[in-house]
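Protein chains in written order, with the numbering used here: chain A, 1 to 206; chain B, 1 to 206; chain C, 1 to 206.
Hint data in this document are derived by calculation from the structure and do not stem from the laboratory. Keep in mind that the hints are not guaranteed to be accurate.
All copies of an identical chain are treated as equivalent in the list; a pair is satisfied when it fits inside any one copy or across any two copies.
Straight-line Cα separation of at most 20 Å, SDA-like style, residue types lysine to any residue; simulated pairs [unchecked claim]: (1) Lys192 x Ile174; (2) Lys194 x Leu31; (3) Lys109 x Pro57; (4) Lys109 x Arg172; (5) Lys194 x Asp29; (6) Lys109 x Tyr56; (7) Lys192 x Val137; (8) Lys194 x Phe32; (9) Lys109 x Leu10; (10) Lys109 x Ala72; (11) Lys109 x Glu141; (12) Lys109 x Ile174.
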Amino acid sequence: MTNFQYVLELLGTFFFAISGALAIQDHHDDLFGAGFTGFVTAIGGGTLRDIMLGSYPLVWIGDINFLYSIFAGVLTAYFFYTVLVRLKRTFLFFDTLGISFFTILGVEKALSLGVNPEIAAIMGMFTAIMGGVIRDVLTNETPVLFRKEIYATACLSGAVLYLILHAIDVGRDINLVISIVVIFVFRLMAVKYKLALPNFRKPISK
Amino acid sequence: MTNFQYVLELLGTFFFAISGALAIQDHHDDLFGAGFTGFVTAIGGGTLRDIMLGSYPLVWIGDINFLYSIFAGVLTAYFFYTVLVRLKRTFLFFDTLGISFFTILGVEKALSLGVNPEIAAIMGMFTAIMGGVIRDVLTNETPVLFRKEIYATACLSGAVLYLILHAIDVGRDINLVISIVVIFVFRLMAVKYKLALPNFRKPISK
Amino acid sequence: MTNFQYVLELLGTFFFAISGALAIQDHHDDLFGAGFTGFVTAIGGGTLRDIMLGSYPLVWIGDINFLYSIFAGVLTAYFFYTVLVRLKRTFLFFDTLGISFFTILGVEKALSLGVNPEIAAIMGMFTAIMGGVIRDVLTNETPVLFRKEIYATACLSGAVLYLILHAIDVGRDINLVISIVVIFVFRLMAVKYKLALPNFRKPISK
Chain A
1 MTNFQYVLEL LGTFFFAISG ALAIQDHHDD LFGAGFTGFV TAIGGGTLRD
51 IMLGSYPLVW IGDINFLYSI FAGVLTAYFF YTVLVRLKRT FLFFDTLGIS
101 FFTILGVEKA LSLGVNPEIA AIMGMFTAIM GGVIRDVLTN ETPVLFRKEI
151 YATACLSGAV LYLILHAIDV GRDINLVISI VVIFVFRLMA VKYKLALPNF
201 RKPISK
Chain B
1 MTNFQYVLEL LGTFFFAISG ALAIQDHHDD LFGAGFTGFV TAIGGGTLRD
51 IMLGSYPLVW IGDINFLYSI FAGVLTAYFF YTVLVRLKRT FLFFDTLGIS
101 FFTILGVEKA LSLGVNPEIA AIMGMFTAIM GGVIRDVLTN ETPVLFRKEI
151 YATACLSGAV LYLILHAIDV GRDINLVISI VVIFVFRLMA VKYKLALPNF
201 RKPISK
Chain C
1 MTNFQYVLEL LGTFFFAISG ALAIQDHHDD LFGAGFTGFV TAIGGGTLRD
51 IMLGSYPLVW IGDINFLYSI FAGVLTAYFF YTVLVRLKRT FLFFDTLGIS
101 FFTILGVEKA LSLGVNPEIA AIMGMFTAIM GGVIRDVLTN ETPVLFRKEI
151 YATACLSGAV LYLILHAIDV GRDINLVISI VVIFVFRLMA VKYKLALPNF
201 RKPISK
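Based on the sequences and whatever the hints tell you, model everything.
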């Protein structure tokens, strides 16, 4: 399992780097800007998690292969730009795969460092979404988090599911697969059927 | 005193979470977004302080009660939304109480970790304001810090006052009360009388 | 060399604080806001680097002289405002000197903590630019990083050059001078001749 998981981590990093590089939208973009957003998207969530948990060295600092995955992702985005922006559906697929896997990976890492399950759920969600949030803040976009779609909520739900199954002693491998699939399907369904959470603000009666 | 202080910390967290949840202003808000801004507002300042000082575990990671306070605050904001937005004056009261207490708490924590008084003053101010600053950055608002009112300045002044009284051996409890009251009154007076610092930019003579 | 380097660090901090304070552009600025942006610009890059590398205490927390340099920089910006904004060319000079030196300083610090050269190059660039990036995010500017000029790219190039010369055993002092001069000249040439990297997005053929 461990080798398989390591490959998935590198692949997830690669896909996040592609997604980040493609997020360069305005006309002042250049190769460096795209590389930077790719980098930030790929490492932001895990970096914030590890800094909050005081877990050193950061994953991408301790293992240079993550940097190579990002480099490969940005170059892929550059050379296959026209293909990739046309394949929006393909891209949603990879991005959703990325957040699904990183959520559960983040939960497991937090648990392994001995925190409460509630904290682990938050850390799982952070691992998946904060790279994109930091990218959006840097490029002056409204963070993906505040857009009218189920995104972080799917991650948080999957993290809570993993923790419940973990608490009732479901085996790790089965739990991993179930939780990842649930996040993946929940997010895709939400996009397809335009599911959304209820508004926070209620109309104020006069 | 310690139990009293702990209750105040949890209450301050609760009020900051309410304030953060209510900050969701645009039309794309939902329950998750409000929860997230509430969370960030409540933990942002203390988290940044502790990461800068290398003090682990972070307060809300080491003690789950802070998370429950935030949860309670967000739910309170949700269920009493119409009441709370009408009670703007009440709200200013709680927010000001929050920054007053968190400033001095932050100063004391920094001092206990052995930093210089100047650094402790900055850390106190950061504890009080950086949660709101991070929230404003995430929601694309101009950070509260740069608005034309005395806000961070009141915190910094109170922090410096605490450190001066500390240096001349005023007892901790008395010092705590004096400094908190000074921040509180300074801030409320500033809002009431529209006090402001001098502009930085001067008109350039032609 | 060490004393000379220390003086340069304090001077670089001083110039970055001036540059940050002058970045207050909108009409809601005040002395506190300018002080805050000066502070963030001066310490942001090194702080992010040290937090990512887990290197404590942060430079400006461990040595109070850095805070005094920032204070002096902000006051200088305040009292000589009209002169400084007129001397735009002078200012580019100091800012460029700042990023040149901080890049190499960041590379050396990262190497001394035992990271890979690739990571050290990134950390060098971060040391130089992230203070300005954080400042731009806080003031709702498009980060300097994404503007159409060679800026971060010059830092990264200089960092890579330093690491290559380091690998082929060029002496430290000579390497330091060469790399700093290369960043400095590259950046100034880029501004003068409006050099830019190729766009990331390519026109999509219909």
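Which of the listed hints are broken here? 1, 7, 10 and 11
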